[in-house]
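There are 2 protein chains.
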Amino acid sequence: MTLERLSEHACFGGLQGFYRMDSAACGGSMRFAVYQPPQARAGRVPVLYFLAGLTCTEETAAMKAGAQRVAAELGLMLVMPDTSPRETGFDGATGDWEFGEGAGFYLDATQAPWSSRFRMESHVVHELPAVVREHFPADPGRTGITGHSMGGHGALTLAIKHPQQYRSVSAFAPIVAPCEVPWGRKAFGRYLGDHHAVWAEHDACALVRRRPFGRPILVDQGLADKFLETQLQPERFEAACAEAGQSLTLRRHAGYDHGYYFIASFIQDHLRHHAAQLAD
Amino acid sequence: MTLERLSEHACFGGLQGFYRMDSAACGGSMRFAVYQPPQARAGRVPVLYFLAGLTCTEETAAMKAGAQRVAAELGLMLVMPDTSPRETGFDGATGDWEFGEGAGFYLDATQAPWSSRFRMESHVVHELPAVVREHFPADPGRTGITGHSMGGHGALTLAIKHPQQYRSVSAFAPIVAPCEVPWGRKAFGRYLGDHHAVWAEHDACALVRRRPFGRPILVDQGLADKFLETQLQPERFEAACAEAGQSLTLRRHAGYDHGYYFIASFIQDHLRHHAAQLAD
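Chains as they are written, first to last, in the UniProt record's numbering: chain B, 1 to 280; chain X, 1 to 280.
Here chain B stands alone, though its shape is the one from the complex (with noise of 0.2 angstroms):
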């Protein structure tokens, strides 16, 4: 698979770089940004994907998050994907934050014309890390994955479905039941049709009730995030959790919203978590 080097800038006594690929999975060009760390010139290093939220790109999380610092300590490898397909040129693709380019919501589309390019699933899961264990010194036996508001779906979502993938898993802020809340309703009717089975499928309150992620779950939300009540409910899934008796690490936090500043404020936390269970 071709790589093509967007740029790289020195960061920690590592590297961030953003690349661009041909994506089979989502029939075009995909950019994804990767900070290896100091430790990466001495041999392979644990991984840690990024899943960023509405609107965002690939540069969000690099530019924002301040996670090249802990990662330099750690010897964590960051994978930052963009959040959809773009330059579809599908009605309704663009023009609309919720929906569409910069809102995969980190699944495979079944419905026309979405089917075709909006593969989100497929290029985060398998499509990418093949793509990083060949050009970069990553060891995929070592892949943890966390993510913001529709990232941080597509990080408790990806990790309950493929735990052979992914040994650590968090959240920032993140939709955990998009079957009941409009963010969800909205993106999943026209990706998955009226299907509500396989709705299901993308729900990580459905996902840890039939089958837990077994290792601890560290999830972190700001109480005064506009969100929190019309899409957030991060209470369904401490529900979910404790009914399936999945251990999960909620922390409510006075103060913050949703934005980077919260992310910033607890990323070292979330680094050193996924740290950990990569470590054995």
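Please keep in mind that the hints were generated in silico from the structure rather than gathered at the bench.
Any given hint could turn out to be false.
It does not matter which identical chain is used: a pair holds within one copy or between any two.
What the hints assert, rightly or not - No farther apart than 20 angstroms at their CA atoms in a straight line, the calculated lysine to any residue pairs in the SDA-like style are these:
(1) Lys226 to Phe136
(2) Lys226 to Arg5
(3) Lys226 to Leu15
(4) Lys64 to Gln268
(5) Lys64 to Glu201
(6) Lys64 to Gly17
(7) Lys64 to Glu8
(8) Lys226 to Ser7
(9) Lys64 to Lys186
(10) Lys226 to Asp108
(11) Lys64 to Arg44
(12) Lys226 to Phe18
(13) Lys226 to Glu134
(14) Lys64 to Gly13
These numbers come from a predicted model, not from an experiment.
Chain X: place on chain B using the hints.
Same frame as chain B, but now just chain X:
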């Protein structure tokens, strides 16, 4: 002086805010950002101004430099001004990233039409600190200044010219000899006319030769910076400081470029440099 709150975000136990004020110096409204560390709830704290570079705004360092974590640890307030007045409507004020809006060079222009609004020295040194003192728990007697590129030029020149205002100074990849390099010659010619004695009032090398700052200066420079040889030439400042007996720590970093991944990698050292000098 009235202050308009644009947004505020909890961040590392403190508050990252964005504000707008009426500016007499710049003949219109000016935006700025302030990070209040948690210690600011208990009383006045020392303040560090961060001056951004060409094309940047008051948001750039707040979003990309990753300074809040260490500011929260050290109890430093951060103040981030915009880089020029905005929406001036002057011919030539937009469309050129090296001059005009986004490129105020932290001086008071003397040439029409710029002289009516491009008065960033007055804004940063006098007007903005008065607003900060009135609306935030800042201790004006303990103020430091740093900056990047054009903002590094601003930090060095303003500190040397106004030692009663600033007790500490540092810079990232600063323009140190604007009278000698293309960025400076272009901007100074238009803002200040053909008066080279006036130009020297805004040239860090010329200023330090005449009147050293006294306290140690810290400068970081990446050796993969594409502007190093044409625009920055830190060896000129090194020589001027040596002549003047000015203590300078100039650190050259192999592989680092001109961007914020470079700044983020070393911002911690700058905040500690300032906190130490502002503590006594």
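Outcome of the hint check:
Taking CA atoms no more than 20 angstroms apart as the test, Lys226 paired with Phe136 passes in neither setting, with 38 angstroms inside one copy and 26 angstroms between copies. Within a single copy, Lys226 and Arg5 get their C-alpha atoms only as close as 37 angstroms, which misses the 20 angstroms cut-off; across copies the closest is 18 angstroms, which meets it. Taking CA atoms no more than 20 angstroms apart as the test, Lys226 paired with Leu15 passes between copies only; the shortest distance there is 17 angstroms, against 35 angstroms inside one copy. Taking the shortest Cα distances, Lys64 and Gln268 sit within 20 angstroms of each other both inside one copy (13 angstroms) and across copies (16 angstroms).
For a Cα distance limit of 20 angstroms, the shortest separation of Lys64 from Glu201 qualifies neither inside one copy, at 31 angstroms, nor across copies, at 36 angstroms. When the C-alpha separation of Lys64 and Gly17 is checked against a cutoff of 20 angstroms, the pair qualifies both within a copy, at 15 angstroms, and between copies, at 16 angstroms. In this assembly of identical chains, Lys64 and Glu8 lie within 20 angstroms of each other by CA distance both inside one copy and across copies; the values are 17 angstroms within and 16 angstroms between. Taking the closest pair of Cα atoms, Lys226 and Ser7 come within 20 angstroms of each other only across two copies (13 angstroms); inside a single copy the shortest separation is 35 angstroms, beyond that limit.
In this assembly of identical chains, Lys64 and Lys186 lie within 20 angstroms of each other by CA distance neither inside one copy nor across copies; the values are 28 angstroms within and 33 angstroms between. Taking the shortest alpha-carbon separations for Lys226 and Asp108, neither the intra-copy value of 28 angstroms nor the inter-copy value of 42 angstroms comes in at or below 20 angstroms. Taking CA atoms no more than 20 angstroms apart as the test, Lys64 paired with Arg44 passes in neither setting, with 26 angstroms inside one copy and 28 angstroms between copies. In the homo-oligomer, the alpha carbons of Lys226 and Phe18 lie at most 20 angstroms apart only across protomers (18 angstroms), although the nearest pairing inside one protomer, at 31 angstroms, exceeds that limit.
For a Cα distance limit of 20 angstroms, the shortest separation of Lys226 from Glu134 qualifies neither inside one copy, at 41 angstroms, nor across copies, at 30 angstroms. For the homomeric pair Lys64 and Gly13, the shortest alpha-carbon distances inside one copy (18 angstroms) and between copies (17 angstroms) are both at most 20 angstroms.
Of the numbered hints listed earlier, those contradicted by the structure are 1, 5, 9, 10, 11, 13.
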